[in-house]
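Each chain, written out:
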Amino acid sequence: NAGVTQTPKFRVLKTGQSMTLLCAQDMNHEYMYWYRQDPGMGLRLIHYSVGEGTTAKGEVPDGYNVSRLKKQNFLLGLESAAPSQTSVYFCASSRPGQGAFAGYTFGSGTRLTVV
Amino acid sequence: AQSVAQPEDQVNVAEGNPLTVKCTYSVSGNPYLFWYVQYPNRGLQFLLKYITGDNLVKGSYGFEAEFNKSQTSFHLKKPSALVSDSALYFCAVRDRRDTNAGKSTFGDGTTLTVKP
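Keeping their order, the protein sequence lines are chains A and B. Following my numbering, the numbering of the first sequence begins with 109 at its first residue and continues without gaps. Following my numbering, the numbering of the second sequence begins with 992 at its first residue and continues without gaps.
Don't read these hints as lab results, they were simulated from the structure. Bear in mind that the values here come from a model prediction, so they are computed numbers and not experimental data. One thing to keep in mind: the hints can contain errors.
What the hints assert, rightly or not - Derived DSS-like pairs (lysine-lysine); straight-line CA-CA distance at most 27 Å:
{"no.": "1", "chain 1": "B", "residue 1": "1049", "chain 2": "A", "residue 2": "179"}
{"no.": "2", "chain 1": "A", "residue 1": "178", "chain 2": "A", "residue 2": "117"}
{"no.": "3", "chain 1": "B", "residue 1": "1094", "chain 2": "A", "residue 2": "178"}
{"no.": "4", "chain 1": "B", "residue 1": "1106", "chain 2": "B", "residue 2": "1094"}
{"no.": "5", "chain 1": "B", "residue 1": "1040", "chain 2": "B", "residue 2": "1060"}
{"no.": "6", "chain 1": "B", "residue 1": "1106", "chain 2": "B", "residue 2": "1060"}
{"no.": "7", "chain 1": "B", "residue 1": "1094", "chain 2": "A", "residue 2": "165"}
{"no.": "8", "chain 1": "A", "residue 1": "179", "chain 2": "A", "residue 2": "165"}
{"no.": "9", "chain 1": "B", "residue 1": "1040", "chain 2": "B", "residue 2": "1013"}
{"no.": "10", "chain 1": "B", "residue 1": "1106", "chain 2": "B", "residue 2": "1068"}
{"no.": "11", "chain 1": "B", "residue 1": "1040", "chain 2": "B", "residue 2": "1068"}
{"no.": "12", "chain 1": "A", "residue 1": "117", "chain 2": "A", "residue 2": "165"}
{"no.": "13", "chain 1": "B", "residue 1": "1094", "chain 2": "B", "residue 2": "1049"}
{"no.": "14", "chain 1": "A", "residue 1": "179", "chain 2": "A", "residue 2": "122"}
{"no.": "15", "chain 1": "A", "residue 1": "179", "chain 2": "A", "residue 2": "117"}
{"no.": "16", "chain 1": "B", "residue 1": "1060", "chain 2": "A", "residue 2": "117"}
{"no.": "17", "chain 1": "B", "residue 1": "1040", "chain 2": "A", "residue 2": "179"}
{"no.": "18", "chain 1": "B", "residue 1": "1040", "chain 2": "A", "residue 2": "165"}
What the hints assert, rightly or not - Residues of chain B clear of chain A, computed beta-carbon distances all greater than 12 Å:
{"no.": "19", "residue": "1011"}
{"no.": "20", "residue": "1070"}
{"no.": "21", "residue": "1079"}
Heads up, the beta-carbon is just placed ideally off N, CA and C, and yes, glycines get one too.
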């Protein structure tokens, strides 16, 4: 089925370790986003991309980096994980312009625990 | 800047009763408004949207929402709740003027529990 696929689904990291979360979409969407979800705080935008080769900071970008080398993939990196980055991470995609009317398509999430 | 407020962390209703999940928003320009639902251990799923036109919009699973510009609200409603409607609901707003990236701002979510 078409949609947004996130890998891995679960991960436990030790403080200071690094990792990359992968988001892949097969809907030819231009826009892609990374959000983190924390209890009582809803979803907060980490980084986003409006197209291949472009990225921009969102609301809470510190400690994260992203890359969009291919239109269908959006990678989120943690260079040196901290316990404060324990969260559920969601990737989403959407179309630009009139396509924005359709809202976002979300992946199923990555549950990350930093110990 | 844009923001969304969902004033209730938790809404409890009995099966068969009507339900309302509240949302108010703030944007500089005119809004696009969305409701999403999240079931346990799943990603968010799109429910419905308001873009323009009729203030009452209908979405998936019998849900509807009413846009009220004067009260800057977009409350989610359903005439008769089902136990299977129990989930976490998010309201989101997007400024129509954001033609660059269409970033949505989400509320903190409201947990809906429907009891048999």
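Do the hints match the structure? See the list:
| no. | hint | result |
| --- | --- | --- |
| 1 | B:1049 with A:179 | violated, 33 Å |
| 2 | A:178 with A:117 | holds, 21 Å |
| 3 | B:1094 with A:178 | holds, 20 Å |
| 4 | B:1106 with B:1094 | violated, 35 Å |
| 5 | B:1040 with B:1060 | holds, 15 Å |
| 6 | B:1106 with B:1060 | violated, 32 Å |
| 7 | B:1094 with A:165 | holds, 11 Å |
| 8 | A:179 with A:165 | holds, 18 Å |
| 9 | B:1040 with B:1013 | holds, 15 Å |
| 10 | B:1106 with B:1068 | holds, 17 Å |
| 11 | B:1040 with B:1068 | holds, 13 Å |
| 12 | A:117 with A:165 | holds, 24 Å |
| 13 | B:1094 with B:1049 | holds, 23 Å |
| 14 | A:179 with A:122 | violated, 31 Å |
| 15 | A:179 with A:117 | holds, 22 Å |
| 16 | B:1060 with A:117 | violated, 40 Å |
| 17 | B:1040 with A:179 | holds, 26 Å |
| 18 | B:1040 with A:165 | holds, 26 Å |
| 19 | 1011 | holds, 19 Å |
| 20 | 1070 | holds, 23 Å |
| 21 | 1079 | violated, 10 Å |
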